[in-house]
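Asks: Sequence:
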Amino acid sequence: MSNAPTRSHGRKAIRPTLQPRELITDTPDLHGVWKARVITLFPQAFPGVLGESLTGRALQEGLWQLETIELRQFGIGKHRNVDDTPAGGGAGMVLRADVLAPAIERAMQGASGNWPLIYLSPRGRPMDQALMQSLARCDGVTLICGRFEGVDERVLEHYGIQEVSLGDFVMTGGEIAAQALIDATVRLLPGVLGNQASTEEESFSSGLLEHPQYTRPAEWMGRPIPEVLMSGHHGRVAEWRREKSEEITRARRPDLWRRHQAAKDD
Numbered sequence: 001m002s003n004a005p006t007r008s009h010g011r012k013a014i015r016p017t018l019q020p021r022e023l024i025t026d027t028p029d030l031h032g033v034w035k036a037r038v039i040t041l042f043p044q045a046f047p048g049v050l051g052e053s054l055t056g057r058a059l060q061e062g063l064w065q066l067e068t069i070e071l072r073q074f075g076i077g078k079h080r081n082v083d084d085t086p087a088g089g090g091a092g093m094v095l096r097a098d099v100l101a102p103a104i105e106r107a108m109q110g111a112s113g114n115w116p117l118i119y120l121s122p123r124g125r126p127m128d129q130a131l132m133q134s135l136a137r138c139d140g141v142t143l144i145c146g147r148f149e150g151v152d153e154r155v156l157e158h159y160g161i162q163e164v165s166l167g168d169f170v171m172t173g174g175e176i177a178a179q180a181l182i183d184a185t186v187r188l189l190p191g192v193l194g195n196q197a198s199t200e201e202e203s204f205s206s207g208l209l210e211h212p213q214y215t216r217p218a219e220w221m222g223r224p225i226p227e228v229l230m231s232g233h234h235g236r237v238a239e240w241r242r243e244k245s246e247e248i249t250r251a252r253r254p255d256l257w258r259r260h261q262a263a264k265d266d
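Position 101, counted from 1, in the sequence shown is what the UniProt record's numbering calls 101; the numbers after and before it change by one each time, with no gaps.
Fair warning: there could be bad hints in the mix.
Stated by the list, open to error - Pairwise CB distance ranges (calculated): (1) Glu149 to Arg236: 23 to 33 Å; (2) Glu149 to Pro126: 35 to 45 Å; (3) Gly113 to Gly56: 17 to 27 Å.
Claimed, not checked - Straight-line alpha carbon distances no greater than 25 Å define the calculated DMTMM-like cross-link-like pairs of lysine to aspartate or glutamate that follow: (4) Lys244 to Asp128; (5) Lys244 to Asp255; (6) Lys264 to Glu227; (7) Lys35 to Asp183; (8) Lys35 to Glu52; (9) Lys35 to Glu163; (10) Lys264 to Glu219; (11) Lys78 to Glu61; (12) Lys264 to Glu163; (13) Lys244 to Glu219; (14) Lys35 to Glu61; (15) Lys35 to Asp84; (16) Lys78 to Asp183; (17) Lys264 to Glu246; (18) Lys244 to Glu210; (19) Lys244 to Glu105; (20) Lys78 to Asp98; (21) Lys78 to Glu52; (22) Lys78 to Glu105; (23) Lys35 to Glu70.
Bear in mind the hints are in silico, worked out from the structure with no lab data behind them.
Note that beta-carbon positions come from the ideal geometry of N, C-alpha and C, so glycine has one too.
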């Protein structure tokens, strides 16, 4: 019988959880492991897709950690109200400062080193690969998932919260955006993908969109794999891929192409 250690030998593996940290007794913090803390009205939405495939396996192996903080537990009064009508009138509801503040204080307990506090908001900085690379170098991140018409501006000002957007559209809440941000960051952590070269060659890593990819069969529906990719000539393959990346970026993302050209000129 083999006693070979697993990859997480000597460390307790974290399990996806729907419970607040104070209710957890068997999943202690792992020293030096990147961690995502999520303030949300819907903790049951996590880990969601993050519990599947590579990110899910990495979560089980303790390569990263996930904690949800349910906002409702900090609600006001018998009904645990978390929102109120907008000052000055208007439609919808706004998350209260006196509800969010204790949730943030709770979420930031023990957060040390480089640990950003981010609010998922359509008016924030657009998510991009540079942001994910920066977050992957952090010790962890705390994410605030908004609902309704947003959050009280005083909270954002008081805590110096960064606003980050999934795109130029409005969603019903920040949970999907939070999962997208976590997924894109976790895959960059050491050991998660298992092949560092794959993250170096993909879209945005060089400022360009990724070149086309092919695999077997060599011909499908009358369409062969480009001959250069079957040549075994690594220099020609690299040149072809670069040309295709530039061609696709120029056609589909002129904004990225202009930025790429400006960087080359500099």
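Asks: Against this structure, judge whether each hint is valid.
Replies: Now for the hints, and whether the structure bears them out:
1. Glu149 to Arg236: 23 to 33 Å: Taking Cβ atoms as reference, Glu149 and Arg236 lie about 55 Å apart, which means the hint is violated.
2. Glu149 to Pro126: 35 to 45 Å: 21 Å, violated
3. Gly113 to Gly56: 17 to 27 Å: 26 Å, holds
4. Lys244 to Asp128: 21 Å, holds
5. Lys244 to Asp255: Holds, at about 17 Å.
6. Lys264 to Glu227: 30 Å, violated
7. Lys35 to Asp183: 12 Å, holds
8. Lys35 to Glu52: 17 Å, holds
9. Lys35 to Glu163: The hint holds at about 19 Å.
10. Lys264 to Glu219: Violated: Lys264 and Glu219 sit about 37 Å apart, past 25 Å.
11. Lys78 to Glu61: Distance ~40 Å between Lys78 and Glu61 Cα, so the pair is violated.
12. Lys264 to Glu163: 30 Å, violated
13. Lys244 to Glu219: 20 Å, holds
14. Lys35 to Glu61: Holds - the C-alpha atoms of Glu61 and Lys35 are around 13 Å apart, at most 25 Å.
15. Lys35 to Asp84: 31 Å, violated
16. Lys78 to Asp183: Outside the cut-off at roughly 36 Å; violated.
17. Lys264 to Glu246: Answer holds: Lys264 to Glu246 is near 13 Å, not above 25 Å.
18. Lys244 to Glu210: 8 Å, holds
19. Lys244 to Glu105: 48 Å, violated
20. Lys78 to Asp98: 15 Å, holds
21. Lys78 to Glu52: 37 Å, violated
22. Lys78 to Glu105: Since the Cα atoms of Lys78 and Glu105 sit roughly 22 Å apart, the hinted pair holds (cutoff 25 Å).
23. Lys35 to Glu70: 17 Å, holds
When held up to the earlier numbered hints, the structure conflicts with 1, 2, 6, 10, 11, 12, 15, 16, 19, 21 and fits the remainder.
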